[in-house]
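A.B. asks: Using the sequences plus the hints, can you model the full thing?
Chains as they are written, first to last, in numbering that gives the first Met the number 0: chain A, 0 to 251; chain B, 0 to 367.
Calculated from the structure, these hints are not laboratory results. Predicted, not measured: the structure shown is a model, and the values here were computed from it. It is possible that part of the hints are untrue.
[As the list claims (entries may be wrong)] In silico DSS-like cross-links for lysine-lysine, where the CA-CA straight-line distance does not exceed 25 Å:
1) A/Lys-76 to A/Lys-64
2) B/Lys-8 to A/Lys-125
3) A/Lys-130 to B/Lys-8
4) A/Lys-130 to A/Lys-170
[Stated by the list, open to error] Here are a few chain B residues that face chain A, going by a calculated C-beta distance under 10 Å:
5) Asn-211
6) Arg-213
7) Met-219
8) Val-231
9) Gly-289
The beta carbon of each residue, even a glycine, is placed where N, CA and C say it ideally should be.
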Amino acid sequence: MEMLTVKNLGISFGGLRAVDSFNITIEKGELYGLIGPNGAGKTTAFNLLTGVYKPDTGVITLDGKNITGLSTIEINKAGIARTFQNIRLFRALSVLDNVKIGLHNDYKYSTLAGILRLPSYRRIEKQMNEKAMDILKVFDLDKEAHLLSANLPYGKQRKLEIARALATNPKLLLLDEPAAGMNPSETDELMKTITLIRKKYDVTILLIEHDMKLVAGICEKIFVLNFGTELANGLPGDVLNNPEVVKAYLGE
Amino acid sequence: MTKIKELNKSTRNNIITLGIILVFYVLCQILIAAGVMSNLMQGLLVPLCYYSILAVSLNLTVGILGELSLGHAGFMCIGAFTGAFFTRCTEDSIPNVFIRYTIAVLIGAIFAALFGGLIGVVVLRLRGDYLAIVTLAFGEIVKNIINALYIGIDEKGFHISLQDASNLKMAEGGDIIVNGAKGITGTSRDTTFTIAILLLILVYVIIVNLINSRSGRAIMAIRDNRIAAESVGIDITRFKLLAFTISAAMAGVAGVLYSHNISSLVATPKNFGYNMSIMILVFVVLGGVGNIRGSIIAAVILTLLPEYLRFLADYRMLIYAIVLIVMMIFNWNPACITWRKNHSFKDILQSVFKNKKEEAKASGKEEA
Numbered sequence: 000m001e002m003l004t005v006k007n008l009g010i011s012f013g014g015l016r017a018v019d020s021f022n023i024t025i026e027k028g029e030l031y032g033l034i035g036p037n038g039a040g041k042t043t044a045f046n047l048l049t050g051v052y053k054p055d056t057g058v059i060t061l062d063g064k065n066i067t068g069l070s071t072i073e074i075n076k077a078g079i080a081r082t083f084q085n086i087r088l089f090r091a092l093s094v095l096d097n098v099k100i101g102l103h104n105d106y107k108y109s110t111l112a113g114i115l116r117l118p119s120y121r122r123i124e125k126q127m128n129e130k131a132m133d134i135l136k137v138f139d140l141d142k143e144a145h146l147l148s149a150n151l152p153y154g155k156q157r158k159l160e161i162a163r164a165l166a167t168n169p170k171l172l173l174l175d176e177p178a179a180g181m182n183p184s185e186t187d188e189l190m191k192t193i194t195l196i197r198k199k200y201d202v203t204i205l206l207i208e209h210d211m212k213l214v215a216g217i218c219e220k221i222f223v224l225n226f227g228t229e230l231a232n233g234l235p236g237d238v239l240n241n242p243e244v245v246k247a248y249l250g251e
Numbered sequence: 000m001t002k003i004k005e006l007n008k009s010t011r012n013n014i015i016t017l018g019i020i021l022v023f024y025v026l027c028q029i030l031i032a033a034g035v036m037s038n039l040m041q042g043l044l045v046p047l048c049y050y051s052i053l054a055v056s057l058n059l060t061v062g063i064l065g066e067l068s069l070g071h072a073g074f075m076c077i078g079a080f081t082g083a084f085f086t087r088c089t090e091d092s093i094p095n096v097f098i099r100y101t102i103a104v105l106i107g108a109i110f111a112a113l114f115g116g117l118i119g120v121v122v123l124r125l126r127g128d129y130l131a132i133v134t135l136a137f138g139e140i141v142k143n144i145i146n147a148l149y150i151g152i153d154e155k156g157f158h159i160s161l162q163d164a165s166n167l168k169m170a171e172g173g174d175i176i177v178n179g180a181k182g183i184t185g186t187s188r189d190t191t192f193t194i195a196i197l198l199l200i201l202v203y204v205i206i207v208n209l210i211n212s213r214s215g216r217a218i219m220a221i222r223d224n225r226i227a228a229e230s231v232g233i234d235i236t237r238f239k240l241l242a243f244t245i246s247a248a249m250a251g252v253a254g255v256l257y258s259h260n261i262s263s264l265v266a267t268p269k270n271f272g273y274n275m276s277i278m279i280l281v282f283v284v285l286g287g288v289g290n291i292r293g294s295i296i297a298a299v300i301l302t303l304l305p306e307y308l309r310f311l312a313d314y315r316m317l318i319y320a321i322v323l324i325v326m327m328i329f330n331w332n333p334a335c336i337t338w339r340k341n342h343s344f345k346d347i348l349q350s351v352f353k354n355k356k357e358e359a360k361a362s363g364k365e366e367a
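C.D. replies: Okay, structure coming up:
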């Protein structure tokens, strides 16, 4: 079953065609890698998928529903969550609160119930705390739950961002360079975590990454983007040995 | 003791703040009953409360939502005039002060919220300096419109004019309620220290409960990272507007307190102008942006200070400025922060208790 279908997606900034005729189909439960040299348009593609930019051309379908041109908020509600290349946590809030903000749309009570501390407030806050702690446990962040998120070490901040994205209960998770800045052992741990959450939360994943060990290690399929267009697409073994890809990455 | 420890940090902080307010209230009542408190101080008790409310409510916009608003005096002005207008009209028909006052507070809050919402829809697209400029202009506009507003009542109902009193075209025996630049006169002075403290507690609880709820988290998420907040599905406009409206409503409550504490309500640059908005902002900044208890403390200190420095005559505003600078350094200078950490009140208390325990232990051993 197809989770995400993108047909002929494209956007221009002035005279620059940042992404052009981008086509990708991701099956439910798949772990797809999106790679390419710097400036190839990978993050732009993410921004198009999440509604940060409105595409000039093309159609995006998520789980059978057309989500082209919807706002970021609506796209998140439809089931796409993401992390950012440069970490964007709610820095002045605790680790737990960061995840609880991810639960915002699934656990609701009115503002008035919050101000008056009605029973619904207590009940739902309790459920939120339990759910958030469950997610934090998966990422081994439960001991740091009450720390300020800005005080976490770098690797844990990256993990917390994934945890927050997962809290929105997405069908498709977009990870923008999850291993950037991590040392080899942190990367290994991250690979294990990604494999684990994929099973546990039954989520489809598309990730951008430069760390080829991670990409080759866990991705089932790889899409290579160069100058905004498709260079190669398929199984890791084929794609990474493709002479065109090697040329784009290393030069001739 | 263990029960208090079990509560989370924010709840504990709130209980402490409420405790401080109550102790302050009881202390003042005792001093008044004993006849020790000066008239000057007694006259300042209600202003302390409405300045605290203003500081707390502006902190919701500046500290929690993270947007700079310079129009807070405008919302206070709306609350003051609508509340006083209601009281002036119903003094005869609703003799019960409690009911009348409650409705006046509600009306003040609702009208201020209404304007807050209206302004919010338009200006919350702007950010930072631009928002500050527009809200500043809004405050001035409100003040100037009220200065030119005439409302009278006769047997045919209300008459409104923006020119002068004779333009109201009222029948014989009509009563002018809002008289342009002369404002509203003859409102009964219903505000008491008890009412003011109760409203301060109410506003404090509303704002703190809001901050520690789902909506409050959403508001702080927008402040910390707008793009990330959007990416997890938080409706930016909605929660910005919510914070802004509630903040305005609370300023309206402070306005009602203010207008019922004086017998003739006039909109001047001094009470509802730009300087007032800046003063409230000073309370918030010095108390700590986002720190609700700090706002109250700063409002109290900075209201009392100029009054108690009166003996310095012209030098008092100079001292005021120096105090502001010293407070800023004490609050934010890294060296001062470390010093405060090393010399915190809590640690000193703990070490004193520890010594006593050890002494007790030592003496116990000696006896054995």
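A.B. asks: Look at each hint and say if it fits the structure.
C.D. replies: Hints and how they fare:
1. A/Lys-76 to A/Lys-64: holds (12 Å)
2. B/Lys-8 to A/Lys-125: Judged against 25 Å, a Cα distance of about 17 Å means the pair holds.
3. A/Lys-130 to B/Lys-8: Roughly 21 Å between the alpha carbons, so the hint for A/Lys-130 and B/Lys-8 holds.
4. A/Lys-130 to A/Lys-170: Holds. A/Lys-130 to A/Lys-170 sits at ~18 Å (cutoff 25 Å).
5. Asn-211: holds (8 Å)
6. Arg-213: holds (6 Å)
7. Met-219: At 6 Å from the nearest chain A Cβ, B/Met-219 passes the 10 Å test, so the hint holds.
8. Val-231: Cβ of B/Val-231 sits 5 Å from chain A, so the hint holds.
9. Gly-289: holds (8 Å)
The structure is consistent with each of the numbered hints, conforming to all of them.
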